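Number of protein chains: 2
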Amino acid sequence: MESKFAELKNRLAEVTDLTAAASVLNWDQATYMPPGGGPARGRQLATLSSLAQDKFVDPEIGKLLDELQPWAEAKGYDSDEAALIRKTRRDYDRAVKVPTDWVARFSAHSAGAYQAWTEARPANDFKSVADNLKKTLDLSREFADFFPGYEHIADPLIDGPDPGMKASDIRRVFSELREQLVPIVKKITDQKEADDSPLRKKYPEEKQLAFGLQVANEFGYDLERGRQDKTHHPFCTTFSIGDVRITTRVKEKYLADALFSTLHEAGHAMYEQGVNPDYEASPLAGGVSSGVHESQSRTWENVVGRSRGFWEHYYPQLKKVFPAQLKGVGLDKFYRAINKVERSLIRTDADEVTYNLHVMLRFDLELQMLEGKLEIKDMPEAWHDRYKNDLGIQAPSDVNGALQDVHWYGGLIGGAFQGYTLGNIMSALFYDAALKAHPQIPKQIGKGEYNTLHTWLRTNLYTHGSKYTPNELIQRISGGPLRIEPYIRYLKTKYGELYKL
Amino acid sequence: MESKFAELKNRLAEVTDLTAAASVLNWDQATYMPPGGGPARGRQLATLSSLAQDKFVDPEIGKLLDELQPWAEAKGYDSDEAALIRKTRRDYDRAVKVPTDWVARFSAHSAGAYQAWTEARPANDFKSVADNLKKTLDLSREFADFFPGYEHIADPLIDGPDPGMKASDIRRVFSELREQLVPIVKKITDQKEADDSPLRKKYPEEKQLAFGLQVANEFGYDLERGRQDKTHHPFCTTFSIGDVRITTRVKEKYLADALFSTLHEAGHAMYEQGVNPDYEASPLAGGVSSGVHESQSRTWENVVGRSRGFWEHYYPQLKKVFPAQLKGVGLDKFYRAINKVERSLIRTDADEVTYNLHVMLRFDLELQMLEGKLEIKDMPEAWHDRYKNDLGIQAPSDVNGALQDVHWYGGLIGGAFQGYTLGNIMSALFYDAALKAHPQIPKQIGKGEYNTLHTWLRTNLYTHGSKYTPNELIQRISGGPLRIEPYIRYLKTKYGELYKL
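Chains as they are written, first to last, in the working numbering: chain E, 1 to 501; chain Z, 1 to 501.
Same shape as in the complex, but just chain E (with noise of 0.2 angstroms):
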């Protein structure tokens, strides 16, 4: 069994060397690749992706799950190789049930959409893209009946970023923090707008970059194994255990873009990085899903990034670096500008309270989408609606409406949003689970001091990679099922002491 298993394990890294290729070649694709090179690198990706898709399907590897698996059990459910084989399991019956050929329909399909959409959003036209975006609800349909039995159509489409969630649980969830939040909203956003114009002076580029990396390198992201390089969008991404890297987008003439995006993603990249090394080269290696990940660049960027004690130590620090810039800038003006909250349209440009409506909204829009209650055609309207509902507020057109983020449209309609704010709720429950064992971390974060924090979240989060269902942290971390009161009472202090609530 030994010898099967190490077999097992090679078919499984070689799969894994050909995605993390892909990885390397995709990055640098967004980072230094000339012009000249993208139809060549396209097909390139191609190559490596049905290949490691071609290698991990292979029937050997189901033979060999089959035959370890009660070895394997009988190790003990928390054993690295039970794990293994269940990890395993789940992704190679996910892969095997999807036909090919509904492989090659939807990766051609979805070129075409991605290409549609890219047009038709300056030019504000989604009539003209949605006949694609029928299509794409058809495929997704299609991907969600491979998996029969599901409680709701939309449980496969959401079991792949986050794995064990089911739409049930999400809504019932997301309709209580809805019900939290929308007053919140409401009531700060009544009150005086803070003013955040000291963030929009002229911040030199590689200043900004620079003090980011710094706090990105002391809240204990490993530069030995790491890096930061510019792109258009902020991203992090995983060539093995010893080499996970950030980006970062900086905007000249706002100070907080680059900043809290490279807290952000260092957040993601101190997860992967934490991952046991014995994982290296496996299904175990890299965070187990969009929620989880997104807690822990949500814990780094906000959670800490925002918070107070966070600024007490660093900002005379970024004082130093722009002195002009932040002239007659004090700590409570800095503090509020950061935080400010705005009624806005654009997703991702949205504050730590609004965001989750932003998410929210969406996923009610999927949900409604796949369980046919929801026309594309109507989509546009639904989606105007929501936002003057939840948010006070109606976007002029599609462009900063329904036409605003890629997600449907380079991919499948349904779990392409609810990570975001999964992953919000959790960094505050694991937050609080930090603090129930190191009261001292606030006090500690005042002094620019992560090393309690970041140790406890690798020992309790990132070092088990992806060996435990989401649900399973959360059980383990918190001692209880996914829930919001952690995330409402943080966002009910925080922002109760900077607005009347």
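Source of the hints: derived by calculation from the structure; they are not laboratory data.
Hints are all accurate, no fakes.
Heads up, simulated EDC-like pairs for lysine to aspartate or glutamate below, C-alpha to C-alpha not over 16 angstroms straight-line:
1) Lys-187(Z) x Glu-352(Z)
2) Lys-166(Z) x Glu-472(Z)
3) Lys-4(E) x Glu-67(E)
4) Lys-9(Z) x Asp-278(Z)
5) Lys-55(E) x Asp-54(Z)
6) Lys-55(Z) x Asp-54(E)
Predicted, not measured: the structure shown is a model, and the values here were computed from it.
Given chain E, work out where chain Z should sit, using these hints.
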């Protein structure tokens, strides 16, 4: 047949995509990879190259080649179809004749041999690597014997980097060249040494890089399909015809290093960028041999880049970039400095005249070792003797002697060096043909115009990629076989103006 041909091309594109992906990973490792990425990167590269190899030696490719050969040949020798079958057949036969067992043994051995060399060189400890080198020699002979019927045991080894070139031909050409060169070197080095101290002031790195890249760009190196990055050792790497990159090493205190290595690598890159785009993702893409490749790096680095005309145009610009460093240094003095000839021990630092002596003695030692006429244990002394004889100097130790180059310690013995000097010889041969077609080229170089030369090289050489063998190219371009006269004439003319010959 058309559909079989398309299938062959698809299979070859898959192989090319895998090797291109490996090239991206190698480039990343040399440029931006953080140290922690090393172990996984080694594994990822091994996976990619072994998959590429598996895909290429697939018997289905052999079958397709058999079936397609008559069909392709009927289209005529000069057709792209016939060329693709010819070139692929050649590569395929070379690949399938080498048993996987040998490949595994060699790759295990060479990793250890390379590691041992990195330790032996600084310790001047040839003895510690002698057994490894003996094994390398055995493996090199074994390799040759997979190709029975050779005329000289080095032929199958040379045939990889320089297809169709034979030890006997190279030996003949090299011995003529050596006979001519040794007295020239003696005559020059008996005269007063050129003063290159102006090159050894402090030159800020970024300005060096920018100047070199500007010149490369003006030569015709297309930056929409290429870029420059910094590495420890300069190289050129191809990911596709649309993405050919160069890297440069910069020494703050030696102007000539970055500048001429940039022009050198840009020469390689222009060759690769100039290949017929129809050959993309096939064995016809890319330069045909190490010798022909080197002819182009040497053309742009030396024949053009170290010529007087070139500097008549560029020296005023260089002086503007480095006014303090070049104050009081006239064009004559600068031109002498960049063409300083000296007896030296290190091949990679050698000037245009002595360089070939370094190369040819290594080639001769390779042949003697392979012939069994020189034992490994006696090789370091033979090395010293040849330096004394050909260059009139002797290294104080093996550090700058037999331990100097990585080639035999990371690869095979045989075929490692001849390309450098073949390239020098061909650079003059091809340049001569260009001048016959366009006598105005030297005048244009004096005005910073390269279009005529670049277009001629692209049309007569670059566009063919690997369609023709090196000997076919030499015949097509120069109307005869490989010969040294143009090169000797070039050296005698140029150095006859700088020194009394």
